[in-house]
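Asks: Residue numbers (my numbering), protein chains in the order written: chain F, 2 to 115; chain S, 566 to 678.
Hints may contain errors.
[To be verified] Simulated crosslink set (SDA-like; lysine to any residue; CA at most 25 Å straight-line): (1) S/K614 to F/S85; (2) F/K72 to S/S664; (3) S/K670 to S/D573; (4) S/K633 to S/Q607; (5) S/K626 to S/Q607; (6) S/K614 to F/Y65; (7) F/K10 to S/Q607; (8) F/K10 to S/S604; (9) S/K614 to S/V676; (10) S/K670 to F/G98; (11) S/K614 to F/E60; (12) S/K670 to F/Y65; (13) S/K614 to F/V51; (14) S/K670 to F/G59; (15) S/K626 to F/K72; (16) S/K614 to F/R45; (17) S/K614 to F/N2.
[As the list claims (entries may be wrong)] The calculated label-pair distances, taken between Cβ atoms and stated as ranges, are: (18) S/G593 to F/M42: 23 to 29 Å; (19) S/H647 to F/M20: 36 to 42 Å; (20) S/G627 to F/T16: 42 to 48 Å; (21) F/T16 to S/P644: 15 to 21 Å; (22) S/E580 to F/G17: 45 to 51 Å; (23) F/D39 to S/Q636: 28 to 34 Å; (24) S/S604 to F/A83: 25 to 31 Å; (25) S/Q636 to F/M20: 43 to 49 Å; (26) S/S604 to F/K58: 27 to 33 Å; (27) F/A83 to S/S649: 34 to 40 Å.
Since the hints were made in silico from the structure, they are not lab data.
Glycine included, each C-beta is placed from N, C-alpha and C at the ideal position.
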Amino acid sequence: NAGVTQTPKFRVLKTGQSMTLLCAQDMNHEYMYWYRQDPGMGLRLIHYSVGEGTTAKGEVPDGYNVSRLKKQNFLLGLESAAPSQTSVYFCASTPEGVRGNEQFFGPGTRLTVL
Amino acid sequence: AQSVTQPDIHITVSEGASLELRCNYSYGATPYLFWYVQSPGQGLQLLLKYFSGDTLVQGIKGFEAEFKRSQSSFNLRKPSVHWSDAAEYFCAVGAGGYSTLTFGKGTMLLVSP
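Sequences are here, hints too, so could you generate the full structure?
Replies: What follows is the structure, encoded as structure tokens:
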């Protein structure tokens with residue numbers, strides 16, 4: 002089992018460019034999450050999904066879009082990147098919500114927007 | 566809305582000394598509480614969790630945490646810290662119908678020789 006994987010690991014964008022971050026999990030988990038981590042801010046939830054074909058907004062959704070076309074994949078898109086989106090992005094998954102269930106995290110994607 | 570406060574941004578502990586990291590939460594219903602650890606350049610790893618039962622919870626790597634409802638706290642403890650424990654520690658509470666977690670801002674643990 003690879004667990005939760007994220008692609009790419011690093012990326013540098015120019016302001017206004019677009020990109021997609023891919024999260025994949027091989028644990029057959031229902032719930033998947035995208036977080037951003039900034040110094041001194043902890044992890045903040047961007048979007049999440051409670052199953053294939055569903056998405057929901059988290060705490061900081063503006064400037065991001067997501068899709069969950071397949072159960073194992075959760076994509077995070079930046080349509081027009083801004084310097085404020087420079088961050089480390091983490092994907093996580095859990096079997097069915099957080100009722101005592103551990104969230105399994107990927108290794109992260111470090112994104113820099115110039 | 567739920568919230569988590571970790572009052573200490575940085576803590577320095579001597580190797581072999583005991584450790585306590587503080588976490589206070591605000592949530593109206595029964596909380597689901599978690600402690601995660603993040604080593605530099607890594608993702609988060611679960612240390613322990615509380616969702617019911619015994620208020621003293623044992624986790625991995627010799628860590629434990631105690632849930633105190635009257636104080637809305639879930640402090641993390643370890644009797645003897647090792648240099649490899651140097652990392653950032655996050656407390657989190659399950660909320661929003663239990664589909665999402667709210668994380669604290671983290672406490673960076675430094676271990677001195």
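Asks: Now look at each hint and say whether the structure bears it out.
Replies: Checked hints:
no. : hint                        : result
1   : S/K614 to F/S85             : violated, 33 Å
2   : F/K72 to S/S664             : holds, 17 Å
3   : S/K670 to S/D573            : holds, 9 Å
4   : S/K633 to S/Q607            : violated, 30 Å
5   : S/K626 to S/Q607            : holds, 17 Å
6   : S/K614 to F/Y65             : violated, 30 Å
7   : F/K10 to S/Q607             : holds, 11 Å
8   : F/K10 to S/S604             : holds, 16 Å
9   : S/K614 to S/V676            : holds, 24 Å
10  : S/K670 to F/G98             : holds, 22 Å
11  : S/K614 to F/E60             : holds, 23 Å
12  : S/K670 to F/Y65             : holds, 22 Å
13  : S/K614 to F/V51             : holds, 21 Å
14  : S/K670 to F/G59             : holds, 17 Å
15  : S/K626 to F/K72             : violated, 33 Å
16  : S/K614 to F/R45             : holds, 20 Å
17  : S/K614 to F/N2              : holds, 23 Å
18  : S/G593 to F/M42: 23 to 29 Å : holds, 24 Å
19  : S/H647 to F/M20: 36 to 42 Å : holds, 40 Å
20  : S/G627 to F/T16: 42 to 48 Å : holds, 46 Å
21  : F/T16 to S/P644: 15 to 21 Å : violated, 50 Å
22  : S/E580 to F/G17: 45 to 51 Å : holds, 49 Å
23  : F/D39 to S/Q636: 28 to 34 Å : holds, 29 Å
24  : S/S604 to F/A83: 25 to 31 Å : holds, 29 Å
25  : S/Q636 to F/M20: 43 to 49 Å : holds, 45 Å
26  : S/S604 to F/K58: 27 to 33 Å : holds, 30 Å
27  : F/A83 to S/S649: 34 to 40 Å : holds, 38 Å
Hints 1, 4, 6, 15 and 21, counting from the list given before, are not met by this structure.
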